[in-house]
Amino acid sequence: MTGPILLLDAVEKHFTVRRGKGWHRERTVVKAVDGISLEVERGAFVGCLGPNGAGKSTTVKLCTGILVPSAGSVRVAGLDPTRQRIEVAGRIGAVFGQRTTLWWDLPLRDSLDLLARVYRLPADRHRRRIDQLVELLDLGPLLPVPVRQLSLGQRMRGDLAAALVHEPEILHLDEPTVGLDVVSKQRVREFLARENAEHGTTVVLTTHDLTDIQRLCRRVLVIDHGKVVHDGSIDDLMRRFGDERTLVVDLDEPAAPIQVAGARVVRVDGPRQWLRFRSADVSAAQLVAAVAATHGLRDLSVEEPDVDEVVRRLYGTSDR
Amino acid sequence: MAEALRLYLVLARAEYRSAAQHRASFALLALTSTLLVALDFVVIAFLLQRIPRLGGFSLAELGVLYGLASTAERLADLMVGDIEKVGVQVKAGTFDLVLLRPGPALVQVAAPSCRPQMLGRPLQALVILGISLSQAGVPWSWDRVALLPATVACGTLIMVAVWVAGAAFTFVAVDARESMNAFTYGGGVLAQYPLSIYASWFRHLFTFVLPVAFVSWFPALHLLGRPDPLGLPEWFRFAAPVAADASTTVAAVAWRAAVRRYRSTGS
Numbered sequence: 003m004t005g006p007i008l009l010l011d012a013v014e015k016h017f018t019v020r021r022g023k024g025w026h027r028e029r030t031v032v033k034a035v036d037g038i039s040l041e042v043e044r045g046a047f048v049g050c051l052g053p054n055g056a057g058k059s060t061t062v063k064l065c066t067g068i069l070v071p072s073a074g075s076v077r078v079a080g081l082d083p084t085r086q087r088i089e090v091a092g093r094i095g096a097v098f099g100q101r102t103t104l105w106w107d108l109p110l111r112d113s114l115d116l117l118a119r120v121y122r123l124p125a126d127r128h129r130r131r132i133d134q135l136v137e138l139l140d141l142g143p144l145l146p147v148p149v150r151q152l153s154l155g156q157r158m159r160g161d162l163a164a165a166l167v168h169e170p171e172i173l174h175l176d177e178p179t180v181g182l183d184v185v186s187k188q189r190v191r192e193f194l195a196r197e198n199a200e201h202g203t204t205v206v207l208t209t210h211d212l213t214d215i216q217r218l219c220r221r222v223l224v225i226d227h228g229k230v231v232h233d234g235s236i237d238d239l240m241r242r243f244g245d246e247r248t249l250v251v252d253l254d255e256p257a258a259p260i261q262v263a264g265a266r267v268v269r270v271d272g273p274r275q276w277l278r279f280r281s282a283d284v285s286a287a288q289l290v291a292a293v294a295a296t297h298g299l300r301d302l303s304v305e306e307p308d309v310d311e312v313v314r315r316l317y318g319t320s321d322r
Numbered sequence: 011m012a013e014a015l016r017l018y019l020v021l022a023r024a025e026y027r028s029a030a031q032h033r034a035s036f037a038l039l040a041l042t043s044t045l046l047v048a049l050d051f052v053v054i055a056f057l058l059q060r061i062p063r064l065g066g067f068s069l070a071e072l073g074v075l076y077g078l079a080s081t082a083e084r085l086a087d088l089m090v091g092d093i094e095k096v097g098v099q100v101k102a103g104t105f106d107l108v109l110l111r112p113g114p115a116l117v118q119v120a121a122p123s124c125r126p127q128m129l130g131r132p133l134q135a136l137v138i139l140g141i142s143l144s145q146a147g148v149p150w151s152w153d154r155v156a157l158l159p160a161t162v163a164c165g166t167l168i169m170v171a172v173w174v175a176g177a178a179f180t181f182v183a184v185d186a187r188e189s190m191n192a193f194t195y196g197g198g199v200l201a202q203y204p205l206s207i208y209a210s211w212f213r214h215l216f217t218f219v220l221p222v223a224f225v226s227w228f229p230a231l232h233l234l235g236r237p238d239p240l241g242l243p244e245w246f247r248f249a250a251p252v253a254a255d256a257s258t259t260v261a262a263v264a265w266r267a268a269v270r271r272y273r274s275t276g277s
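Protein sequences appear in the order of chains A and B. Be aware that the first sequence starts at 3, since it is given in this note's numbering, and climbs by one per residue. Be aware that the second sequence starts at 11, since it is given in this note's numbering, and climbs by one per residue.
Just chain A, same shape as in the assembly:
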């Protein structure tokens, strides 16, 4: 089948919020999603950024048929996820952060088998798929373990397998790496990249982790106040808003703010100074060399801009 896997056309979602106490409460309508239109091609890997309460999760719920749009239309592989929820459910997979879809008391193996039956997969196909997921996510040793005894990282891998057992065409992920250690995060990322490249599964990744986005997403959407405020590649995004990095240096002794070309000191704390610079103007190596030439340098580190900062700057430039 051709055509976009996901199509949103002027989608809005309104919630009624009640404020105050008792019976005399004020009702106000909040637009959690305020006119989002977008198209996601098959095989895409899309990142979705935005502050808390920006409408990201609501958008995902609209795309999965959990919520009905107040206006506009949503199509998943050409189907209406609200009217054809059950058909659409077979085509989408989802992992929602900390909420597991696995059976808490059963071994992981049983949960995967059960899901295969819930999704009515033919036995041979489901066996092959589970074997494949077990291998890619390194779940072998975890299969006989009850889900409640798995660590967070192990369970996340289990949940990923659970979301993919039925070979969905599109996978929605909401904060899949939150709370995971570096090794687990890396593992999840590698798996997602492979699933997308080799299986052609479209992935929509909602996260606060900019590294996730940088490593994985060819396209980034930034959502704020229910609107898409950026839609483009990660490089576009960083060029526009996030290419300022910070060099933190520990000097031998406290000194006046360092004067160096291409950077400016934004903070001084005793012998420690923070220098902000743009990669386009000067490289980190040049900057370190310049500082070391004039000051005794004890330690240093480079801070990448965090996503909140990028997003903050982004809102600073959008017309609102």
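If you're looking for bench data, these hints aren't it; they were derived computationally from the structure. None of these values were measured; they are calculated from a predicted model. Just so you know, even glycine gets a beta-carbon here, dropped at the ideal spot from N, CA and C. It cannot be assumed that every hint is accurate.
[Unchecked claim] Computed far set for chain B versus chain A, every beta-carbon distance over 10 Å:
1) 31
2) 48
3) 114
4) 246
[As the list claims (entries may be wrong)] Simulated restraints, written as ranges between beta carbons of each label pair:
5) A:150 with B:182: 39 to 45 Å
6) B:23 with A:146: 35 to 41 Å
7) A:237 with B:103: 16 to 22 Å
8) A:14 with B:182: 31 to 37 Å
[Said to hold, decoys possible] Under 7 Å between C-beta atoms, here's a sample of chain A residues computed to sit facing chain B:
9) 88
10) 91
11) 108
12) 276
13) 302
Start from chain A and add chain B according to the hints.
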């Protein structure tokens, strides 16, 4: 329908196997649930030793009412009782996961109720029904033989409808589980006694609004070959299918409205 039943059984089996992982609590639940219900009728029997007749009914006749009402209530509980937890799922946001799976939400929420370790409860009620029927001097005839299973089936459907309608209500008022139980378990208990002992507004409520009188009272009058002390038309005794049909229709509409509301408000 076959697909819904298949999904129900798959999910029920998962729940059973989950419960079986905790062997001690599994066994204890099976034992206590059986013991508790065994005491249930003993209370009524003791009561009858003091007051030999209640509303003009002997112990055996009351046993028929009790058996019909409890069998229906407990079978319904066994089939769908867990939907009372839907309010909790709505509150915790886990109902989202139900909507993500390919199957009717009602089936997914109800399936965990089917616990084999609770099978003793309807069985106990059936045993009491059997003993009471043999002691109550039923003037057996073909229509009475046919009425018996039909009554159990329709009664169970009526009680299922009460559960589903109550669960639909907890979507709106997520903490209303207790007030819902007043109708589910309360309705079941109420149907254990002769309708004639209640005040008239109460009788009307449980005949025409929440039709639990059709679970036991009206069919029992025919089984026992008794005139209606309240003088309602004879055909009421055979109207349980009508009541079951009407109440399941209303419950289905309420449930769909509740899910639709959830999907448009996100709670």
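List of violated hint numbers, smallest to largest: Per hint list: 1, 3, 5, 6, 7, 8, 12 and 13 violated.
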